[in-house]
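A.B. asks: With the hints as constraints, model all of the structure from the sequences given.
Line order of the protein sequences matches chains A and B. The first sequence begins at 94 in this note's numbering and counts up one residue at a time. The second sequence begins at 94 in this note's numbering and counts up one residue at a time.
The hints are simulated quantities; they were obtained by calculation from the structure and are not laboratory data. Since the structure is predicted, the reported quantities are computational estimates derived from the model, not experimental observations. Yeah, the Cβ is synthetic: ideal placement off N, Cα and C, and Gly gets one too. Treat the hints with care, since some could be wrong.
As the list claims (entries may be wrong) - In silico DSS-like cross-links for lysine-lysine, where the CA-CA straight-line distance does not exceed 27 Å: (1) A:145 with B:120; (2) A:126 with A:303; (3) A:96 with A:246; (4) B:205 with A:149; (5) B:126 with B:295; (6) A:145 with B:98; (7) B:149 with A:145; (8) B:149 with A:246; (9) B:281 with A:151; (10) B:281 with B:246; (11) A:342 with B:281; (12) A:120 with B:246; (13) B:342 with B:205; (14) A:98 with A:246; (15) B:246 with B:295; (16) B:98 with B:246; (17) A:126 with A:301; (18) A:126 with B:246; (19) B:342 with A:246; (20) A:281 with A:246; (21) B:126 with A:246.
As the list claims (entries may be wrong) - One side only, chain A facing chain B, incomplete, derived with CB under 7 Å: (22) 143; (23) 146; (24) 196; (25) 197; (26) 199; (27) 202.
As the list claims (entries may be wrong) - Label-pair restraints from in silico Cβ distances: (28) A:234 with B:220: 16 to 26 Å; (29) B:271 with A:279: 31 to 41 Å; (30) A:291 with B:116: 34 to 44 Å; (31) B:97 with A:218: 15 to 25 Å; (32) A:271 with B:152: 49 to 59 Å; (33) B:287 with A:208: 38 to 48 Å; (34) B:186 with A:212: 24 to 34 Å.
2 protein chains.
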Amino acid sequence: MKKQKLHIVKIGGNIINDEEVLTSFLKDFSELKGYKILVHGGGNKATEIASKMGLKPKMINGRRITDAANLDIVTMVYAGLLNKKITAQLQQNNCNAMGLSGADANCILAHKRIVKDIDYGFAGDIDVVNSETINLFLQNNITPIFCAISHDKNGQLLNTNADTIASEIAVAMSGLYETELNYIFELKGVLESVEDKNSVIKYLNLEKYKQLISEGVISEGMLPKLHNCFNALEKGVQKVKIGDASLIKNKNELYTTLSI
Amino acid sequence: MKKQKLHIVKIGGNIINDEEVLTSFLKDFSELKGYKILVHGGGNKATEIASKMGLKPKMINGRRITDAANLDIVTMVYAGLLNKKITAQLQQNNCNAMGLSGADANCILAHKRIVKDIDYGFAGDIDVVNSETINLFLQNNITPIFCAISHDKNGQLLNTNADTIASEIAVAMSGLYETELNYIFELKGVLESVEDKNSVIKYLNLEKYKQLISEGVISEGMLPKLHNCFNALEKGVQKVKIGDASLIKNKNELYTTLSI
Chain A
94 MKKQKLHIVK
104 IGGNIINDEE
114 VLTSFLKDFS
124 ELKGYKILVH
134 GGGNKATEIA
144 SKMGLKPKMI
154 NGRRITDAAN
164 LDIVTMVYAG
174 LLNKKITAQL
184 QQNNCNAMGL
194 SGADANCILA
204 HKRIVKDIDY
214 GFAGDIDVVN
224 SETINLFLQN
234 NITPIFCAIS
244 HDKNGQLLNT
254 NADTIASEIA
264 VAMSGLYETE
274 LNYIFELKGV
284 LESVEDKNSV
294 IKYLNLEKYK
304 QLISEGVISE
314 GMLPKLHNCF
324 NALEKGVQKV
334 KIGDASLIKN
344 KNELYTTLSI
Chain B
94 MKKQKLHIVK
104 IGGNIINDEE
114 VLTSFLKDFS
124 ELKGYKILVH
134 GGGNKATEIA
144 SKMGLKPKMI
154 NGRRITDAAN
164 LDIVTMVYAG
174 LLNKKITAQL
184 QQNNCNAMGL
194 SGADANCILA
204 HKRIVKDIDY
214 GFAGDIDVVN
224 SETINLFLQN
234 NITPIFCAIS
244 HDKNGQLLNT
254 NADTIASEIA
264 VAMSGLYETE
274 LNYIFELKGV
284 LESVEDKNSV
294 IKYLNLEKYK
304 QLISEGVISE
314 GMLPKLHNCF
324 NALEKGVQKV
334 KIGDASLIKN
344 KNELYTTLSI
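C.D. replies: This is how it looks when you write it as structure tokens:
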């Protein structure tokens, strides 16, 4: 039997930081036909709230460290403020959204990142995505909205990369659905030249990707994102696209389609 | 066919404000047999976070007003921090908890309180509890954990009294289950005399309740809580108990059982 299609869409700061852009995106997302899941990052809001509370982000070698105080902040902002605002807006659009962290119904099980050079604090690396429970929601006309928080089943919440959550969900669900993973970010896609915002590479396969890395064309910020994309494709995700918010409008817009 | 039993337990500040007390309560709640739902208030945490952010609670005639800034705070604290911490702890106890606001899967629909004498701001009065969706969760071994936030289906989140959420859920579910509503608070029950913490009225019916009001025995703080209790009983809830955390341990502890 042909599997049904499932869209997993991930949005980050460029959508979340601007209320108008977010509203417009959520309208488009609501109009996406068929089964779908939204995964959102936190944008600037956590840093903004932390600074209002007199907390400075803790950084080591340019990487953000999640200490206990910052975990409380991201739990408040990601799982509370942003997740519920997004959910309420989608409900207004008649999309039956339900906001979730990985702790809820044990959807995403992770472990605290093992300390090698850097102790990232309460950062989670994903072990299991509970596809059966997520499928129960989808089959009952519920659209899961995941924030970037998981748990370890020992009572500990964990700050978890939203790109990775999206790809791990896409991989886990690909046994049940024909999954398409969409990464929405600030650019129109993977660029041939950073200076030219329209130099979108329309099709990027693993071979070309490796070639572009060796040529130094892929910027450092793009590497983990693309690693997630190819990882998802290698583990059974049907299709991966990366581009700006126009990507999900299904018009003939510029974006990058990845393949292996 | 005899209906199955469903426990709806509401906890407030006296449980939530103390981490040890909360942990101990959540252990007892996890051990409660059968179908169950937890509803939690916010305790001191919202005021504490607001004050860290330099926000003062807005009060009119001694009543707290939820302006936009305070709505963001309660959304962060109730639906984010507290709801997810409680959920993660219950997951640790092998209770398959799922944290929810009223916006999630459209579980609790409300309207912004109509302005008469006082404009309460973004305070919600409940219209509909979506019993079908809540039942879907229960029937799939998921224990819903509700925070005190609802929505109006027009994109607006609303701060909503947790006692009322608990009683409205109990009423809505009483068509499907034999519902028992438990209010956990700082006292052992309704007291005959405020000075004697052990003067618990073990059984309180509507007639005696009215008599005690006329005698001035029922304190002002208890009135809305007891109103919710009797309202629930009148609308089909099977049993209502009110007492401290020992109530759900099902031992021979002191508490008040209400009846009509």
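A.B. asks: None of the hints should be skipped; say for each whether it holds.
C.D. replies: Here's how the hints hold up against the structure:
With a C-alpha separation of about 35 Å, the suggested pairing of residue 145 (chain A) with residue 120 (chain B) is violated against the 27 Å cut-off. Only pairs whose Cα atoms come within 27 Å are accepted, and residue 126 (chain A) paired with residue 303 (chain A) is rejected, the gap being roughly 34 Å. Of the pairs offered as hints, the one joining residue 96 (chain A) and residue 246 (chain A) is violated, with about 31 Å between alpha carbons and a cut-off of 27 Å exceeded. As the CA atoms of residue 205 (chain B) and residue 149 (chain A) are separated by approximately 36 Å, the hinted pair breaks the 27 Å bound.
The suggested pairing of residue 126 (chain B) with residue 295 (chain B) holds, with an alpha-carbon distance near 24 Å, which does not exceed 27 Å. Simply put, residue 145 (chain A) and residue 98 (chain B) have alpha-carbon atoms about 46 Å apart, too far for the 27 Å limit, and the pair is violated. Between residue 149 (chain B) and residue 145 (chain A) the alpha-carbon distance is near 14 Å, which keeps this suggested pair within the 27 Å criterion. At most 27 Å may separate the alpha-carbon atoms for a hinted pair to count; residue 149 (chain B) and residue 246 (chain A) exceed this at roughly 36 Å.
Between residue 281 (chain B) and residue 151 (chain A), the direct Cα distance comes to roughly 45 Å. Violation of the 27 Å bound is thereby established for this hinted pair. Proposed proximity of residue 281 (chain B) and residue 246 (chain B) is contradicted: the alpha carbons are some 38 Å apart, above 27 Å. A C-alpha spacing of about 58 Å is found between residue 342 (chain A) and residue 281 (chain B), which places the hinted pair above 27 Å, so the restraint is violated. With a C-alpha separation of about 14 Å, the suggested pairing of residue 120 (chain A) with residue 246 (chain B) holds against the 27 Å cut-off.
Simply put, residue 342 (chain B) and residue 205 (chain B) have alpha-carbon atoms about 37 Å apart, too far for the 27 Å limit, and the pair is violated. Between the alpha carbons of residue 98 (chain A) and residue 246 (chain A) the distance comes to roughly 30 Å, so the proposed pair goes past 27 Å and is violated. Annotation: proposed proximity of residue 246 (chain B) to residue 295 (chain B) is violated, straight-line Cα distance about 41 Å (limit 27 Å). Note on residue 98 (chain B) and residue 246 (chain B): the hinted pairing is violated, with a Cα-Cα distance of about 30 Å set against a maximum of 27 Å.
For the proposed pair residue 126 (chain A) and residue 301 (chain A), the alpha carbon gap of about 32 Å is over 27 Å, so the pair is violated. Annotation: proposed proximity of residue 126 (chain A) to residue 246 (chain B) holds, straight-line Cα distance about 21 Å (limit 27 Å). About 24 Å separates the Cα atoms of residue 342 (chain B) and residue 246 (chain A), which keeps this hinted pair within 27 Å; it holds. The suggested pairing of residue 281 (chain A) with residue 246 (chain A) is violated, with an alpha-carbon distance near 38 Å, which exceeds 27 Å.
As the CA atoms of residue 126 (chain B) and residue 246 (chain A) are separated by approximately 21 Å, the hinted pair is consistent with the 27 Å bound. Here the hint on residue 143 (chain A) is broken, as its CB sits about 10 Å from the closest CB of chain B, past 7 Å. Among the interface hints, the one on residue 146 (chain A) holds; its C-beta lies about 5 Å from the nearest C-beta in chain B, closer than the 7 Å criterion. Satisfaction of the interface hint for residue 196 (chain A) is found here, the shortest Cβ-Cβ separation to chain B being roughly 4 Å, below the 7 Å cut-off.
Interface restraint check: residue 197 (chain A) against chain B, minimum CB-CB distance 4 Å, threshold 7 Å, status holds. This hint holds: residue 199 (chain A) has a C-beta 6 Å from the nearest C-beta of chain B, less than the 7 Å allowed. Using the Cβ-Cβ criterion of 7 Å, the hint placing residue 202 (chain A) at the interface with chain B is not satisfied: the shortest such distance is roughly 9 Å. In this structure the supplied range 16 to 26 Å holds for residue 234 (chain A) paired with residue 220 (chain B), their Cβ-Cβ distance being about 21 Å.
Roughly 54 Å separates the CB atoms of residue 271 (chain B) and residue 279 (chain A), a value that falls outside the hinted 31 to 41 Å. Between residue 291 (chain A) and residue 116 (chain B) the CB atoms are about 56 Å apart, so this pair departs from the stated range of 34 to 44 Å. Take residue 97 (chain B) and residue 218 (chain A): their Cβ atoms lie about 40 Å apart, and the range 15 to 25 Å is violated. Checked against the hint of 49 to 59 Å, the C-beta distance between residue 271 (chain A) and residue 152 (chain B) comes to roughly 55 Å, which is consistent with it.
A C-beta distance of roughly 54 Å is found between residue 287 (chain B) and residue 208 (chain A), which places it outside the suggested range of 38 to 48 Å. Between residue 186 (chain B) and residue 212 (chain A) the beta carbons are some 28 Å apart, a value that agrees with the proposed interval 24 to 34 Å.
Of the numbered hints given earlier, the model fails hints 1, 2, 3, 4, 6, 8, 9, 10, 11, 13, 14, 15, 16, 17, 20, 22, 27, 29, 30, 31 and 33; all others are met.
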